[in-house]
Amino acid sequence: MGLLTFGLNVTLDGCCDHREGIADDELHDYFTQLMDAAGAMLWGRVTYELMESAWPAVARDENAPRAMREWARKLEAKPKYVVSASRRDFPWNNTFRVEGDLREAVMQLKEKTPQGVLVGSPTLSAALERLGLIDEYRLVVHPVFAGHGPTLFQGLEPSRRLELVSTHRLKSGQVAMHYRRKEG
Numbered sequence: 001m002g003l004l005t006f007g008l009n010v011t012l013d014g015c016c017d018h019r020e021g022i023a024d025d026e027l028h029d030y031f032t033q034l035m036d037a038a039g040a041m042l043w044g045r046v047t048y049e050l051m052e053s054a055w056p057a058v059a060r061d062e063n064a065p066r067a068m069r070e071w072a073r074k075l076e077a078k079p080k081y082v083v084s085a086s087r088r089d090f091p092w093n094n095t096f097r098v099e100g101d102l103r104e105a106v107m108q109l110k111e112k113t114p115q116g117v118l119v120g121s122p123t124l125s126a127a128l129e130r131l132g133l134i135d136e137y138r139l140v141v142h143p144v145f146a147g148h149g150p151t152l153f154q155g156l157e158p159s160r161r162l163e164l165v166s167t168h169r170l171k172s173g174q175v176a177m178h179y180r181r182k183e184g
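Residue numbers (our numbering): 1 to 184.
A few of these clues could be false.
In silico DSBU-like pairs for lysine-lysine, Cα to Cα no more than 30 Å straight-line [claimed, not checked]:
(1) K80 to K182
(2) K110 to K80
(3) K171 to K74
Cβ pair distances, simulated, as ranges [claimed, not checked]:
(4) F96 to A57: 36 to 42 Å
(5) D36 to P65: 14 to 20 Å
(6) K182 to D61: 26 to 32 Å
(7) D61 to G132: 36 to 42 Å
(8) K112 to L12: 35 to 41 Å
(9) G173 to S86: 25 to 31 Å
Since the hints were made in silico from the structure, they are not lab data.
Backbone N, C-alpha and C define an ideal beta-carbon position, used for all residues, glycine too.
Between the sequences and the hints, there should be enough to build the whole structure, so can you do that?
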């Protein structure tokens with residue numbers, strides 16, 4: 001069974017608004033490596049629509065920066081699963097709707113994806129965390145105070161203890177942190 005890994009950018013004050021981070025080549029390369037290691041992507045509808053509105057065009061843009069285009073092209077080929085109660089059609093290449101009970105559907109996805117699944121939707125990830133389904137966390141903390149939300153895992157109870165696996169400092173001052181769920 002593959003692991004479910006939550007991966008996202010966050011500011012020092014917990015904001016997970018994608019417009020607040022430092023989106024340079026090194027950051028795109030980092031997330032491309034994470035995606036390469038996973039067998040599939042998992043998103044909620046809002047994140048899917050955000051990604052769908054931007055990345056297919058970047059994949060076809062010969063003038064796009066190298067790291068962005070590489071991410072976009074690999075994302076095109078990667079299986080993408082979307083949890084949505086309101087949308088049924090997903091025309092982006094290799095996109096599939098997650099149906100039925102969320103716990104059961106994600107367990108089946110983990111079972112059929114031995115390389116693991118990378119989830120990058122804040123709201124969906126909070127629901128998956130409440131269900132105890134996230135195995136690992138890959139957070140890139142940006143040296144930014146956003147001063148606003150949304151924030152990660154707001155209202156989550158009880159608190160969770162994580163085990164630090166590794167850290168990596170990026171040149172622009174971001175710190176990539178790898179945690180896993182602490183047993184017990």
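Status of each hint after checking the structure:
no.	hint	verdict
1	K80 to K182	holds, 28 Å
2	K110 to K80	holds, 13 Å
3	K171 to K74	holds, 24 Å
4	F96 to A57: 36 to 42 Å	violated, 21 Å
5	D36 to P65: 14 to 20 Å	holds, 18 Å
6	K182 to D61: 26 to 32 Å	violated, 42 Å
7	D61 to G132: 36 to 42 Å	holds, 40 Å
8	K112 to L12: 35 to 41 Å	holds, 37 Å
9	G173 to S86: 25 to 31 Å	violated, 38 Å
The structure fails hints 4, 6 and 9 (numbered hints given earlier, in ascending order).
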